[in-house]
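Chemist: Sequence:
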Amino acid sequence: MTQIEYLDYLCYWGKTDKSTKNIICNYHLLAYHCLDVAACGKYIIKNNIFNSCNILKECNISGTNAENWIIWFLASHDIGKFARGFQKYAEFPDSPLVSPVSGVSAFERHDSLGFYLWGKLFEAWSSGSNEIIAGIEPENRTRFESALNSWMLISTGHHGIPPDTMKNRSSLAFTDEDIVAATHYLEALSELFPFTLPQEWKTKAGRKCLKQHSWFFAGLVTLADWMGSDESQFPLLSSAMPLKDYWPLACEKAQQAILRMPPLSQHRQYRDRRAVV
244 MTQIEYLDYL CYWGKTDKST KNIICNYHLL AYHCLDVAAC GKYIIKNNIF
294 NSCNILKECN ISGTNAENWI IWFLASHDIG KFARGFQKYA EFPDSPLVSP
344 VSGVSAFERH DSLGFYLWGK LFEAWSSGSN EIIAGIEPEN RTRFESALNS
394 WMLISTGHHG IPPDTMKNRS SLAFTDEDIV AATHYLEALS ELFPFTLPQE
444 WKTKAGRKCL KQHSWFFAGL VTLADWMGSD ESQFPLLSSA MPLKDYWPLA
494 CEKAQQAILR MPPLSQHRQY RDRRAVV
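Using our numbering, the first residue of the sequence shown is number 244, and each one after it goes up by one.
Keep in mind that a hint or two might mislead.
[What the hints assert, rightly or not] The calculated DMTMM-like cross-link candidates involving lysine to aspartate or glutamate, where the alpha carbons are at most 20 Å apart (straight line), are:
hint, residue 1, residue 2
1, 363, 420
2, 363, 337
3, 331, 251
4, 300, 407
5, 363, 301
6, 289, 301
7, 451, 434
[Said to hold, decoys possible] Each pair of labels, with its calculated beta carbon distance range:
hint, residue 1, residue 2, range
8, 300, 335, 40 to 46 Å
9, 386, 502, 39 to 45 Å
10, 293, 411, 23 to 29 Å
11, 419, 502, 40 to 46 Å
12, 371, 405, 17 to 23 Å
13, 336, 300, 23 to 29 Å
14, 306, 345, 26 to 32 Å
15, 386, 505, 21 to 27 Å
16, 469, 411, 34 to 40 Å
17, 475, 403, 32 to 38 Å
18, 505, 346, 20 to 26 Å
19, 447, 293, 25 to 31 Å
20, 505, 389, 19 to 25 Å
21, 437, 459, 42 to 48 Å
Since the hints were derived computationally from the structure, they do not count as laboratory data.
Just so it is clear, CB atoms sit at the ideal spot from N, CA and C, and this is done for glycine as well.
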């Protein structure tokens, strides 16, 4: 699977230009959009904006490990768009994108589709059928389920509404090929950005710490998605290239986007109520 034409995950759009002005390129590949968002998150962490790097340390992950985890985590935020039912919302007949399939439709939001898909991928990972997260022996994988589900609820729920985790019609939106493509995509991310899951995430205390910081990470995902969706910084690109070749382009744009962030408001450490009167 080295030739571009065989990279199935590069056959899905992530953003579209609904105007008639952009004749040259009217869609942005899904994998590229996800990397745009991940690159913004990387530089938020790298610059410790919002104390983000320190908060990750509190969650028992630091250094390159934390950086690569955040990249993988943010780059998974839109996996619900791998649903063929979602792809029907914008069709490009003369493109190499996946074709619509009769009877396959999306009745749920793409955040709920994403968390449903995560459940399918995690189930396969737990049985040793895929390597979406490398370096964990199959017999130890289920012990990370609670922690990873907490992270993925945050990632897929990046529009401010938690994904619907109840039984719904998400399965009707996917073909088997969609699930395979999403698997290949996350495996490619894991290979390109290797990380090791903290052993603490298997413990009750580790999971409690993650939940305590869940609102912070929810805000981080929302901000990174907002920044990575700015077409003035991340113009649409539909020509396929390996993720390793697109990543430096995303990073260059993300660094410029970070520079455009407004300065943080000035504040002093709280001492007592008399200090604010």
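Chemist: Now tell me if each hint is right for this structure.
Modeler: Now for the hints, and whether the structure bears them out:
Among the hinted pairs, residue 363 with residue 420 is consistent with the structure: their alpha-carbon atoms are about 13 Å apart, no more than 20 Å. Using a Cα cut-off of 20 Å, the hinted pair residue 363 and residue 337 is violated, with the two alpha carbons roughly 31 Å apart. With a CA separation close to 17 Å, the supplied pair residue 331 and residue 251 stays within the 20 Å bound. Using a Cα cut-off of 20 Å, the hinted pair residue 300 and residue 407 is violated, with the two alpha carbons roughly 30 Å apart.
Of the pairs offered as hints, the one joining residue 363 and residue 301 is violated, with about 30 Å between alpha carbons and a cut-off of 20 Å exceeded. With a CA separation close to 16 Å, the supplied pair residue 289 and residue 301 stays within the 20 Å bound. For the hint linking residue 451 to residue 434, the alpha-carbon distance of about 29 Å lies beyond 20 Å, and the restraint is violated. Between residue 300 and residue 335 the beta carbons are some 44 Å apart, a value that agrees with the proposed interval 40 to 46 Å.
Judged by the Cβ atoms, the range 39 to 45 Å given for residue 386 and residue 502 holds: they are separated by roughly 41 Å. Hint check: residue 293 to residue 411, Cβ distance near 33 Å, so the stated range 23 to 29 Å is violated. As the Cβ distance of residue 419 to residue 502 is approximately 43 Å, the hint placing it in 40 to 46 Å holds. The hinted window of 17 to 23 Å between residue 371 and residue 405 is violated, with their beta carbons roughly 30 Å apart.
A hinted range of 23 to 29 Å for the beta carbons of residue 336 and residue 300 is inconsistent with their spacing of about 49 Å. Checking the proposed 26 to 32 Å range against residue 306 and residue 345 shows it is violated: the Cβ atoms sit about 49 Å from each other. Distance hint for residue 386 and residue 505: a CB-CB separation of about 42 Å, inconsistent with the stated range 21 to 27 Å. For residue 469 paired with residue 411, a C-beta distance near 26 Å fails the hint of 34 to 40 Å.
Residue 475 and residue 403 have their C-beta atoms about 23 Å apart, which leaves the hinted 32 to 38 Å range violated. One distance hint, 20 to 26 Å for the beta-carbon pair residue 505 and residue 346, is violated here, with the actual separation near 48 Å. For residue 447 and residue 293, the hinted distance range of 25 to 31 Å is satisfied, since their beta carbons lie about 27 Å from each other. Checked against the given bound of 19 to 25 Å, the beta carbons of residue 505 and residue 389, roughly 36 Å apart, lie outside it.
One distance hint, 42 to 48 Å for the beta-carbon pair residue 437 and residue 459, is violated here, with the actual separation near 25 Å.
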